[in-house]
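There are 2 protein chains.
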Amino acid sequence: MYDNLETPALLLDEGRMQHNIERMQNRMNQLGVIFRPHVKTSKCLEVVRRQMAAGARGITVSTLKEAEEFFRAGVDDILYAVAIVPNKLDHALNLIRAGLRLTLLVESVAMAEQVARHGAELGVCYDVLIEIDTDGHRSGVKPADPVLPQIAAALQGGARLKGVMAHAGASYDLNTPEALAAIAEQERAGCVAAAEHLRAAGHQCEVVSVGSTPTALSAQHLQGVTEVRAGVYVFFDMVMADVGVCTAEDVAISVLCTVIGHQADKGWLITDGGWMAMSRDLGHRSHGYGLVCDADGNPIPGLAFGKANQEHGVLQWTGEGDIGQLFPVGSSLRILPNHACATGAQHSQYLVIPASGGQWKVWPRFSGW
Amino acid sequence: MYDNLETPALLLDEGRMQHNIERMQNRMNQLGVIFRPHVKTSKCLEVVRRQMAAGARGITVSTLKEAEEFFRAGVDDILYAVAIVPNKLDHALNLIRAGLRLTLLVESVAMAEQVARHGAELGVCYDVLIEIDTDGHRSGVKPADPVLPQIAAALQGGARLKGVMAHAGASYDLNTPEALAAIAEQERAGCVAAAEHLRAAGHQCEVVSVGSTPTALSAQHLQGVTEVRAGVYVFFDMVMADVGVCTAEDVAISVLCTVIGHQADKGWLITDGGWMAMSRDLGHRSHGYGLVCDADGNPIPGLAFGKANQEHGVLQWTGEGDIGQLFPVGSSLRILPNHACATGAQHSQYLVIPASGGQWKVWPRFSGW
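So the sequence lines, in the order shown, correspond to chains A and B. The first sequence stops at residue 1220 when you use our numbering, and every number in between is there. The second sequence stops at residue 1220 when you use our numbering, and every number in between is there.
Since the hints were made in silico from the structure, they are not lab data. One or more hints might be untrue.
Each pair may be met inside one copy or between any two copies, as identical chains are not told apart.
To be verified - Subject to a maximum C-alpha distance of 25 Å in a straight line, what follows is the list of computed PhoX-like cross-link-like pairs (lysine-lysine): (1) Lys993 - Lys1158; (2) Lys993 - Lys1117; (3) Lys1013 - Lys993; (4) Lys1013 - Lys1117; (5) Lys993 - Lys916; (6) Lys1158 - Lys1013; (7) Lys916 - Lys1158; (8) Lys1117 - Lys1158; (9) Lys1117 - Lys916; (10) Lys1212 - Lys993; (11) Lys1212 - Lys1013; (12) Lys1117 - Lys1212; (13) Lys1212 - Lys1158.
None of the values given here were measured: they were computed from a predicted structure.
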């Protein structure tokens, strides 16, 4: 099936992806919130088109390059969900002047003042969310922090407070439905509390945006939330399987590689899929560089991907039988990634296995800032 | 200095790079061997031009994409140093027919037979090296293995045995001059022994190719060796500093990033340089995601880069003073990478600080297969 395909190559199972898209969108519809997918996972127009077609309203991006690429393709409502810094304001301004409804993020008074001043000087009013920290995992302002209304107050003149957003990244380290439901509620309650804190101080706070793939799939209700963001759900990966919000059978991307040699005395298979094809992301360190499957995508018990060099994978066989006969030089393997965002970023295209069968399709993806 | 530069960005100090290039080439000249740099580190024509200008003869590549790009730019003697598999032979053949002197690598009788058959069927004679394993770290045939002359014998018809090559990748885990000199001698002696094994069996073995950055810089003599390969020396990195073959002051690339926020109660600085800008390569786990320096490239004691998300770096401050005042939002930091090959691969260009001072230059780099 893959004989004529140069390896390593990134495969995308369109049927699995479509299932993942519909699962998330249906859930958001049931919860009564707008869904704004985070497109940092795919960086691919064809994927985003399918998310929009399923019902997504606007997108979330991790770089202004993503904003630029997707705006050029017709997406006109974009949240840039990393706190803005001065060196990116001109880039953001250019996109807004070209017609993009771009929302920026701040988490400090200093930056709120700079954004407002930049907007006032250049005759634009930036839409801004304040980042809220509900789980201590990274950035943002605590919901009850007195600095919160100060940031809002600094958004005067060339900026406008649009709302608040939280991302419970700590959910990636959990793995029971109870713990996931609890952190989803913590994310919701914290973000809603921040909005109420701002409203009590006299600020409008229209948008209450929360999300991560684990919390989006685990929230019991989303009262007070207006929109949810999630990214990796579109492909899923072994980290998400470890968290428990998908199974290996839901993972829509894999790296196709070829056996290039053996070290029979050690039980080693050498492949042409090294860390350049997989990324160095070891996820929860439970699957090495990824879950090893046969050419049809079925996991191979006893074959572990523990070591990688730039263009070499070193797989350890602990099963029965002669590895040279079981996995001869030239044979194909597929590796399910630990982290779809990281593995995808190592490739410039997806080779798409169509849901309807038939010929491969090639979907380009971009990278950079 | 960096105020107008959008971050994250990959910086290249041209003066440091030029020093590294001359240091290695001078050493190879003294040892009396041809130097064939491995260009997988830079994937950049401007860098390779400087390596060739300094005296390199031919290059080593890790992908056929590299072979294609550098051949198009005029490099006509290229070793593809990953064992070939059937799905890449047509690509290799096209390059050879276009005029490239391409050398392939095999490490099994099965693949030697396939290469020879492919060449015979399509009317070309492939130049081939056999990969030799001198340190057990990955792939290749042991020097005394009886399969070695069998592989050579299989290279009949559409292929020709050109020689042997070894790569002592285990040298990356050493850190004393004595241990490095010993593994360099082990690599040399093993590869020369493999060549003698083949010659004793009646085969020509013109090329004896060894190398890695640590062994190239540690070999006491290279009797019997015809050429040396090394890659990462061109930029160096914190792994090479840990090994002891360079210092942090030799590292020619760094990732420029910007402080986007603080979590003052934890001593955290948040930057816009996450794992997408650094890669997930943790090296020897002695510098987190890289060594944190100020905007001029001087290391900052007390500031450690322990945690990264896709577009966020989380830096821990353990020094004295208020982090918001020491490192305000919008201030610049430079991170020296653990692994130059991995960090470089996350970027599509180098912003070059010219050796002579003056304006930035932009040097593109490519990726993929």
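What are the numbers of the hints that this structure violates, sorted from low to high? Checked against the structure, the hints that fail are numbers 4, 5, 6, 9, 10, 11, 12 and 13, while the rest are satisfied.
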